[in-house]
Amino acid sequence: MREKTAYPERLTIGVTFLLAGVVASIYAVSLYPVIRRIHHGVAARTVAHKVTSFLRDLDT
Numbered sequence: 001m002r003e004k005t006a007y008p009e010r011l012t013i014g015v016t017f018l019l020a021g022v023v024a025s026i027y028a029v030s031l032y033p034v035i036r037r038i039h040h041g042v043a044a045r046t047v048a049h050k051v052t053s054f055l056r057d058l059d060t
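If you're matching positions, the sequence shown starts at 1 in my numbering and goes up one per residue.
Just so you know, not all the hints are guaranteed correct.
Claimed, not checked - Ranges between beta-carbon positions, derived for each pair: (1) G41 / A20: 29 to 35 Å; (2) L19 / H39: 37 to 43 Å; (3) L19 / L58: 52 to 58 Å; (4) L55 / V15: 55 to 61 Å; (5) T46 / T16: 49 to 55 Å.
Derived from the structure by calculation, the hints contain no laboratory data.
C-beta: ideal position from N, C-alpha, C; glycine also.
I would like the entire structure built from these sequences, with the hints used as guidance.
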């Protein structure tokens, strides 16, 4: 009898995690281009900074 009462709780927790996963994936998909653009900008800036500092080092 006790196992029957524990089962719905476990089911509810599973459904909650499933819904959280679905919501998180929807957010990730909708934010992906923004994140990629930001990351790309940061990466490009870092590379540009490294190149300029490298050239400055060669200059001196």
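Original post:
Can you name, in rising order, the numbers of the hints this structure does not satisfy?
Top reply: 2, 5
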